[in-house]
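Undergrad: Letter by letter, the chains look like this.
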Amino acid sequence: MTISLFIEQIINGLIIGSMYALVGSGIALIYGTMRVLNLAHGEFYMLGGYLVFLLVVTCGVPAYLAIPIALLAAFLLGALIQRITIHYLLQREGWAFSTIAVTLGLSIFLQNSALLLFGENVQSVPYYVTGIVEFAGIRIPMQRLLILGVAILTIAVMTYVLKATRLGWAIRATSQDRDAAAVVGIPASRIYLITFGIAAALGAIAAAMMAPIYAITPWSGLPILFKGFVVVILGGLGSFPGAIVGGLLLGVVEAVGVQLTSTEWRDVIAFALMIAVIWVRPWGLFGSKS
Amino acid sequence: MAEAPMLQVENLNVLYGDFQILWDVSMTVGAKEVVAVLGPNGSGKSTVLKAIMGLTPVRSGKIIFEGEDLTKVPTHEMVARGISMVLERRRLFGAMTVRENILLGAYHRSVNKDIASRLEWVESLFPILAERRDQIAGRMSGGEQQMVAIARSLMSRPRLLLMDEPYLGLAPKIVSQIAGIIQRINQEGISVVFNEQNVHLSFGVSHRGYLLESGRMMLTGTGEEMIHSDVIRRVYLGV
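Chains as they are written, first to last, in the numbering used here: chain B, 4 to 293; chain D, 7 to 245.
Check before you lean on any hint, since a few could be wrong.
Derived list of chain B stretches under chain D, where covered just means 3 residues or more per stretch with a C-beta under 8 Å from a C-beta of chain D [claimed, not checked]: (1) 99 to 113; (2) 130 to 140.
Here are some, though not all, of the chain D residues that point toward chain B, as calculated from beta-carbon distances under 8 Å [claimed, not checked]: (3) M59; (4) L61; (5) V79; (6) H82; (7) V85; (8) L93; (9) F99; (10) G100; (11) A101; (12) L110; (13) G111; (14) Y113; (15) S235; (16) V237; (17) R239.
Simulated from the structure, these hints should not be mistaken for lab results.
From the three backbone atoms N, C-alpha and C, an ideal C-beta is built for every residue, glycine too.
Produce the complete structure using the sequences and hints provided.
TA: Now the structure itself:
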């Protein structure tokens with residue numbers, strides 16, 4: 004493998020990894036704030052793909068408008084789904100564990116709803132941008148650079164929101180201690196609702212950016228859900244920065260690993276990496292021991 | 007006619023599942039008063055405070071604060087009513103800094119103003135917290151954490167402060183420091199209700215006390231009256 008090909012693979016890995024990071028950070032936010040393992044998270048990604056497909060291909064909306072609309076729709080959908088399902092379980096003492104069954108049920112429901120609405124045909128969206136950037140023998144398509152740019156922007160916005168806004172403080176406080184947050188005046192159930200919406204929107208952004216490259220099907224959420232779980236386990240359950248680093252790491256290791264072996268080894272590499280990390284640090288890269 | 011007390015708890019009944027924790031508990035707290043809730047382990051002291059704050063559902067009874075019934079008010083609206091709480095074992099936002107923890111005490115919209123003067127007041131009570139502002143709260147000692155927890159609860163400038171086991175797990179030297187802080191808070195015109203197992207420790211700072219046993223109010227009075235009461239002796243010593 005030449006040096007330039009190697010660098011190209013690392014860049015490709017970062018690009019795919021940034022998408023893993025967006026999906027994983029949604030799972031981490033939900034787990035971090037409400038201690039719910041969202042098994043339906045892949046379906047937010049899948050729905051994000053169909054939303055963009057509907058807007059861009061069916062309605063002819065330009066991509067720069069379609070993506071924000073899809074994002075907002077995913078936020079509202081996520082918040083609505085949380086309000087009519089998980090909300091009631093979290094209100095009751097001792098029912099939190101049932102969210103596993105509910106999110107699994109939601110996943111099946113959403114997959115089959117998509118199958119009913121859109122059929123089993125594979126859909127895709129045309130490239131948002133065309134052309135290839137060439138630099139010192141490294142060739143990267145513009146579409147992929149756009150993905151990386153959007154991911155960096157999204158992560159920067161999310162980091163700012165969590166660090167420096169009233170909402171971000173409320174999310175972090177609620178995730179650390181729900182009762183203490185309530186005592187200072189933070190309504191946990193509203194924070195849960197908003198967090199769920201944000202997480203769904205993060206999945207939808209990833210889907211919107213990947214739609215031109217990867218096919219949209221009713222089942223396209225499942226593989227990305229598994230990757231998202233690997234990411235949060237790598238990064239430490241519930242840690243937002245952990246999910247970002249975990250996502251990028253997974254992307255790069257996969258890309259380089261696939262280059263050294265072959266494509267069939269992709270998932271083997273992903274899970275081997277996960278097992279290796281939790282062997283050394285069972286609480287993940289950014290998680291805490293307790 | 008005497009003015010109605012600031013806080014009136016009337017015939018409070020609280021159950022966890024089928025298990026009754028509090029049986030017809032009644033108590034009052036006056037303005038600028040320090041009240042201790044006493045009783046052995048498991049007598050329901052913490053539950054009284056949690057019920058007032060809305061952290062635990064109330065089966066029946068009334069909690070009237072400044073004329074308003076609080077039993078249907080959610081916990082996150084209490085600071086707007088003028089009530090704040092220091093939870094048992096501090097319960098800080100451990101991954102956040104001291105300053106962030108304290109600022110969160112003024113999160114609610116009704117108190118989210120004049121932050122600079124609130125901060126100045128709180129830091130005048132706890133000068134050490136101004137020095138430690140950028141330290142991660144979870145890495146401080148127990149006594150320092152208790153100060154952060156109290157500072158956070160004061161940021162909303164409450165008229166009533168509930169303190170759940172403020173002395174729990176602290177070294178004797180720190181305990182007397184916290185006791186001094188409770189008196190200082192009271193001098194600022196804030197009513198304080200705290201609970202504690204140790205009778206002698208409690209009456210150092212409180213004006214009055216209530217004694218709980220197995221979820222029932224057994225006795226009330228001033229420190230002097232209660233320390234010499236036979237009921238206290240029976241509850242604590244079993245004689």
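Undergrad: Now tell me if each hint is right for this structure.
TA: Results for each hint:
| no. | hint | in the structure |
| --- | --- | --- |
| 1 | 99 to 113 | violated (count 0) |
| 2 | 130 to 140 | violated (count 0) |
| 3 | M59 | holds, 7 Å |
| 4 | L61 | holds, 6 Å |
| 5 | V79 | violated, 12 Å |
| 6 | H82 | holds, 4 Å |
| 7 | V85 | holds, 5 Å |
| 8 | L93 | holds, 6 Å |
| 9 | F99 | holds, 4 Å |
| 10 | G100 | holds, 6 Å |
| 11 | A101 | holds, 6 Å |
| 12 | L110 | holds, 5 Å |
| 13 | G111 | holds, 5 Å |
| 14 | Y113 | holds, 5 Å |
| 15 | S235 | violated, 33 Å |
| 16 | V237 | violated, 33 Å |
| 17 | R239 | violated, 35 Å |
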